[in-house]
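Visitor: If you want the building blocks of each chain, they are given just below.
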Amino acid sequence: NAGVTQTPKFRVLKTGQSMTLLCAQDMNHEYMYWYRQDPGMGLRLIHYSVGEGTTAKGEVPDGYNVSRLKKQNFLLGLESAAPSQTSVYFCATQRGNTEAFFGQGTRLTVV
Amino acid sequence: KQEVTQIPAALSVPEGENLVLNCSFTDSAIYNLQWFRQDPGKGLTSLLLIQSSQREQTSGRLNASLDKSSGRSTLYIAASQPGDSATYLCAVDQGAQKLVFGQGTRLTINP
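In order, the protein sequence lines correspond to chains A and Y. Here the first sequence stands for residues 1 to 111, where the numbers follow the numbering used here. Here the second sequence stands for residues 1 to 111, where the numbers follow the numbering used here.
Keep in mind that the hints were calculated from the coordinates and are not lab data. Be a bit skeptical, because a hint or two may be false.
Unchecked claim - Simulated pairs of lysine to any residue, SDA-like, Cα-Cα distance not exceeding 25 Å: (1) Y:K98 <-> A:V50; (2) Y:K42 <-> A:G42; (3) A:K71 <-> A:V110.
No experiment lies behind these values; they were computed from the predicted model shown.
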């Protein structure tokens, strides 16, 4: 039982490059989230999904896209990476009004 | 807009002391409040979840309280140990299980 798995764990991108972060969960949770964590800013919600095939914008969605084609996977895409997107990205899942489970994070640097 | 504040930002205490971490929020219309622990370079681990109808939750040496009307929560750690050293974050659920996080309290327990 792996819980929430994020791929990759580390990545360095050049400005303008694109990439996709994968979040996979084996807990059959309906809700999935992408957060970014920056020093002095805390965790901020980028996008979220309340079920397969649905996505919605969070607090800081600009520059990101997401897809939830399968219940267990939630993908976060950066179409044209910018230095301001240097951050640690966390995926989380939740079942209803219960505790949230987080992945180990993806440390992304855009140069 | 909901704002969550954690004071102090950092705390250092000798081993064995009892301590209290504080969390305040500006909008009392919450579904629940969670306390998380984050170790350096790691993801978040949920410690305690308090539903909006509850006043407190306990797990081992941890006790979390919630006063919705005053917009405050506290995390009490009894008989602190060096292994308790970590960053502690609180987060409130405002609906659709979207969490709004505080910036955390970095706790150091000195042997």
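Visitor: None of the hints should be skipped; say for each whether it holds.
Guide: Results for each hint:
{"no.": "1", "hint": "Y:K98 <-> A:V50", "result": "holds, 10 Å"}
{"no.": "2", "hint": "Y:K42 <-> A:G42", "result": "holds, 14 Å"}
{"no.": "3", "hint": "A:K71 <-> A:V110", "result": "violated, 29 Å"}
In summary, the structure is inconsistent with hint 3 from the numbered list given earlier, while agreeing with all the others.
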